[in-house]
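*Asks:* Taken in order, these protein sequences are the chains called A and B.
Numbered according to the UniProt record's numbering, the first sequence spans residues 1 to 370.
Numbered according to the UniProt record's numbering, the second sequence spans residues 1 to 587.
Just so you know, the hints here were simulated from the structure itself, not pulled from any lab data.
For every residue, glycine included, the Cβ atom is placed at its ideal position computed from N, Cα and C.
Just so you know, not all the hints are guaranteed correct.
Chain A stretches covered by chain B per the calculated footprint, using a threshold of three residues with CB under 8 Å from any CB of chain B [unchecked claim]:
| no. | segment |
| --- | --- |
| 1 | 206–220 |
| 2 | 279–288 |
Each computed DSS-like pair below joins lysine-lysine, with the alpha-carbon atoms no more than 27 Å apart [as the list claims (entries may be wrong)]:
| no. | chain 1 | residue 1 | chain 2 | residue 2 |
| --- | --- | --- | --- | --- |
| 3 | B | K14 | A | K323 |
| 4 | B | K149 | A | K338 |
| 5 | B | K14 | A | K356 |
| 6 | B | K83 | B | K139 |
| 7 | A | K25 | B | K513 |
| 8 | B | K233 | A | K323 |
| 9 | B | K513 | A | K250 |
| 10 | A | K250 | A | K95 |
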Amino acid sequence: MEILMTVSRIASICTMGANASALEKEIGPEQFPVNEHYFGLVNFGNTCYCNSVLQALYFCRPFREKVLAYKSQPRKKENLLTCLADLFHSIATQKKKVGVIPPKKFITRLRKENELFDNYMQQDAHEFLNYLLNTIADILQEERKQEKQNGRIPNGNIDNENNNSAPDPTWVHEIFQGTLTNETRCLTCETISSKDEDFLDLSVDVEQNTSITHCLRGFSNTETLCSEYKYYCEECRSKQEAHKRMKVKKLPMILALHLKRFKYMDQLHRYTKLSYRVVFPLELRLFNTSGDATNPERMYDLVAVVVHCGSGPNRGHYIAIVKSHDFWLLFDDDIVEKIDAQAIEEFYGLTSDISKNSESGYILFYQSRD
Amino acid sequence: MAAEGGGKEMNEIKTQFTTREGLYKLLSHSEYSRPNRVPFNSQGSNPVKVSFVNVNDQSGNGDRICFNVGRELYFYIYKGVRKAADLSKPIDKRIYKGTQPTCHDFNHLTATAESVSLLVGFSAGQVQLIDPIKKETSKLFNEERLIDKSRVTCVKWVPGSESLFLVAHSSGNMYLYNVEHTCGTTAPHYQLLKQGESFAVHTCKSKSTRNPLLKWTVGEGALNEFAFSPDGKFLACVSQDGFLRVFNFDSVELHGTMKSYFGGLLCVCWSPDGKYIVTGGEDDLVTVWSFVDCRVIARGQGHKSWVSVVAFDPNTTSVEETDPMEFSGSDEDFQELISFGRDRANSTQSRLSKRNSTDSRPVSVTYRFGSVGQDTQLCLWDLTEDILFPHQPLSRTRTHTNVMNATSPPAGSGPANPGSNGNSITTPGNTIPPPLPRSNSLPHSAVSNTGSKSSVDSAIASGVSKFATLSIHDRKERHHDKDHKRNHSMGHISSKSSDKLNLVTKNKTDPAKTLGTALCPRMEDVPLLEPLICKKIAHERLTVLIFLEDCIVTACQEGFICTWARPGKVGLLSSQNQANSPSGTVV
Numbered sequence: 001m002e003i004l005m006t007v008s009r010i011a012s013i014c015t016m017g018a019n020a021s022a023l024e025k026e027i028g029p030e031q032f033p034v035n036e037h038y039f040g041l042v043n044f045g046n047t048c049y050c051n052s053v054l055q056a057l058y059f060c061r062p063f064r065e066k067v068l069a070y071k072s073q074p075r076k077k078e079n080l081l082t083c084l085a086d087l088f089h090s091i092a093t094q095k096k097k098v099g100v101i102p103p104k105k106f107i108t109r110l111r112k113e114n115e116l117f118d119n120y121m122q123q124d125a126h127e128f129l130n131y132l133l134n135t136i137a138d139i140l141q142e143e144r145k146q147e148k149q150n151g152r153i154p155n156g157n158i159d160n161e162n163n164n165s166a167p168d169p170t171w172v173h174e175i176f177q178g179t180l181t182n183e184t185r186c187l188t189c190e191t192i193s194s195k196d197e198d199f200l201d202l203s204v205d206v207e208q209n210t211s212i213t214h215c216l217r218g219f220s221n222t223e224t225l226c227s228e229y230k231y232y233c234e235e236c237r238s239k240q241e242a243h244k245r246m247k248v249k250k251l252p253m254i255l256a257l258h259l260k261r262f263k264y265m266d267q268l269h270r271y272t273k274l275s276y277r278v279v280f281p282l283e284l285r286l287f288n289t290s291g292d293a294t295n296p297e298r299m300y301d302l303v304a305v306v307v308h309c310g311s312g313p314n315r316g317h318y319i320a321i322v323k324s325h326d327f328w329l330l331f332d333d334d335i336v337e338k339i340d341a342q343a344i345e346e347f348y349g350l351t352s353d354i355s356k357n358s359e360s361g362y363i364l365f366y367q368s369r370d
Numbered sequence: 001m002a003a004e005g006g007g008k009e010m011n012e013i014k015t016q017f018t019t020r021e022g023l024y025k026l027l028s029h030s031e032y033s034r035p036n037r038v039p040f041n042s043q044g045s046n047p048v049k050v051s052f053v054n055v056n057d058q059s060g061n062g063d064r065i066c067f068n069v070g071r072e073l074y075f076y077i078y079k080g081v082r083k084a085a086d087l088s089k090p091i092d093k094r095i096y097k098g099t100q101p102t103c104h105d106f107n108h109l110t111a112t113a114e115s116v117s118l119l120v121g122f123s124a125g126q127v128q129l130i131d132p133i134k135k136e137t138s139k140l141f142n143e144e145r146l147i148d149k150s151r152v153t154c155v156k157w158v159p160g161s162e163s164l165f166l167v168a169h170s171s172g173n174m175y176l177y178n179v180e181h182t183c184g185t186t187a188p189h190y191q192l193l194k195q196g197e198s199f200a201v202h203t204c205k206s207k208s209t210r211n212p213l214l215k216w217t218v219g220e221g222a223l224n225e226f227a228f229s230p231d232g233k234f235l236a237c238v239s240q241d242g243f244l245r246v247f248n249f250d251s252v253e254l255h256g257t258m259k260s261y262f263g264g265l266l267c268v269c270w271s272p273d274g275k276y277i278v279t280g281g282e283d284d285l286v287t288v289w290s291f292v293d294c295r296v297i298a299r300g301q302g303h304k305s306w307v308s309v310v311a312f313d314p315n316t317t318s319v320e321e322t323d324p325m326e327f328s329g330s331d332e333d334f335q336e337l338i339s340f341g342r343d344r345a346n347s348t349q350s351r352l353s354k355r356n357s358t359d360s361r362p363v364s365v366t367y368r369f370g371s372v373g374q375d376t377q378l379c380l381w382d383l384t385e386d387i388l389f390p391h392q393p394l395s396r397t398r399t400h401t402n403v404m405n406a407t408s409p410p411a412g413s414g415p416a417n418p419g420s421n422g423n424s425i426t427t428p429g430n431t432i433p434p435p436l437p438r439s440n441s442l443p444h445s446a447v448s449n450t451g452s453k454s455s456v457d458s459a460i461a462s463g464v465s466k467f468a469t470l471s472i473h474d475r476k477e478r479h480h481d482k483d484h485k486r487n488h489s490m491g492h493i494s495s496k497s498s499d500k501l502n503l504v505t506k507n508k509t510d511p512a513k514t515l516g517t518a519l520c521p522r523m524e525d526v527p528l529l530e531p532l533i534c535k536k537i538a539h540e541r542l543t544v545l546i547f548l549e550d551c552i553v554t555a556c557q558e559g560f561i562c563t564w565a566r567p568g569k570v571g572l573l574s575s576q577n578q579a580n581s582p583s584g585t586v587v
């Protein structure tokens, strides 16, 4: 497998020159955005789950800018974030506009830090995204704590009354974090209690021939808590049947939507892929917002999609399609292609239930317009 | 939720449904498809479309059907509810190479038993004029693709004309052709005729008259569909940029615009009297827009995915309660209704307006329209007078009910419609656990029929109060309308460009400028309709919905064209069906 991979890598590096310049030609010198670089990422043995997410995040502009800004801060001990910053910086400062970069340092670090990713197996891109965002947030919070202990609080920005409660939000939270409100209505006394919880992305169930809008509605559908799942009502002081639903209370700047396409099949003792056709528009608003939401009508634009190709979570391939300026690009490891916006419909999924093998949208990144 | 194994039964395909007029029944023997009846593998191909024409022969079998499946185009005698379809003998069949048929339209004025004029648009941009009865290919337009290389999205004869036709492309352009003219051997040179907010019309500069006569550039992105008003004077266009734009076709002036809640608009249709336009799109909604007032009067929520076709049902649209079958009183055919729509629509219109102007209380009016979508569902909607003519709102502030309306999932049509209750079929793919609709009845009853008045009233009440507070803004908006909405367009463009150049922090002004204005009211500011019925009727995305006099015709991406007999129109054929056909399923 290693050998095969190396061969294919050599082959791809050989063709890469022609491919890269073709992309530059296709976009055209006039249209090529200033200060923009389109660089494929070399695959280090089933690291496409990582490459696709990194490309998608690179084209989430608020995220990219924060990572690059982090890079310009004083040198720190190597961690996953410094490796990511180096990688983004390396892409952003390339002389050439197009090409290929090996994300070697980042992958090495990732494998060192988390044994889950320390192998040549295909990993789940959503798991990786989750891990990456949480790790970055942890690193930032840890650094802030260090700074505070050293008495170097930047800008004298001291409004830390809630110091003892939740840690301050980092820029990862500012970009990706939204709030869900979990409303529970006791069916006996009709009292509604609500509890808020934060999220960095939303995982939604998928159904055949639906839209992401419908999947989001399904996410917020009312559940009835009954029998062994009864709800302890503070008013009634006993377990009661209740209605529960989750609505979005605070809409994030970047809304990351994870389509739950991998489903565990009890009979088969393994995961299978739901290749259902789930359409996603380029423009999105949410219907499943709570009555007291602060910005319920935020308009979102699709900026990136991580696509899973194949039939199961541990096989197949990941690619990313991203919007850059006015056009769409497809990143398939080291290959970068310009695609037509209309070609996105090829990644909605399949209407036939027979085939599990599909190239279908797996993580959608919507960026708020305000 | 996931339709694996056990979920299949829940996603059962309906072969009949009931509304207050009665039972609609699928006639499985009247199914049209490719002769081999094999489902077409539709992944990534163009939508299946259907066109009808009546050739006015004396036999009473004058209906003809044309449909495209993949790269094939078929032309059959359409027997509708009367007789089973005979697929072995298409009158004409064509297979195309390198380019696929995407849409077609018959000229109803010139159709005879010996000859019909059928326009066919193609995926590579060409347009063909063919006669499937004479089996001739008369003419090719844009053959060298010098006029437009992009996919033809919609082709239609200009109403009342035997030679003019309009072709829309995914490039966002639309061209007016005359069958008598050639397309020239060079790319056309254009001269600006008229320009307005987000549209421009050019004439073709040439010594001799050639095609295209006019080039319309409308909005940004693909022009997905257009529809002429029943009187032929106005043209409604829907685009991928999410805008409905209504033009006066002859004077080339923008009459009004509307923006989807989000995403592209995919389909558009006119009410038979030309007073309302309905659109469907990527927000999973149907939106009802008043042509006279240039504003959204209602939205409808029921589809689980994008809405691909909307159409009014002229036979169930009634103008007065005492005379509920305004259109069905005559024996005229659907085709005639379209081609001579001008007179009929005008008469309806004048009647309506007369009543409105003289009576303080509006007449009893109900418009019926339908929609089909990528969710494989058919929805029927009633537009009733409380929506059309909201009377003085009760002094009620916006209630939480309303918010729940806007955000809670459709509870299925069961409780809302006693007819479908009797049907005992749950809404397919309903993700809500069965006990929910009942127990959740508080919010939901507001949208069901019994409580619909209060729901609508409160919605309108909030709408009115909103409008009242925003009245200055509103007026300003209208003013822009007349000024081609210069400011507005600038705002739109600047917000877009700043979005793409820089982000979030830079653009602090409200970016979705249209929201809350007449262009795109907030969800809670307009009544939210619930479908009368909402049924899964196919395995594949639905692409066709046509209301004929005695049936409804639907088609899906697999290439099956289904005939649903209207109540009382199920004749001999259907009783045979019941005897012979074991399941009556579509596929």
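*Asks:* If a hint holds in the structure, say so; if it doesn't, say that too.
*Replies:* Going down the list of hints, with the structure as the test:
1. 206–220: holds (count 11)
2. 279–288: holds (count 8)
3. B/K14 / A/K323: 40 Å, violated
4. B/K149 / A/K338: Judged against 27 Å, a Cα distance of about 19 Å means the pair holds.
5. B/K14 / A/K356: 26 Å, holds
6. B/K83 / B/K139: 34 Å, violated
7. A/K25 / B/K513: 36 Å, violated
8. B/K233 / A/K323: 40 Å, violated
9. B/K513 / A/K250: 21 Å, holds
10. A/K250 / A/K95: 41 Å, violated
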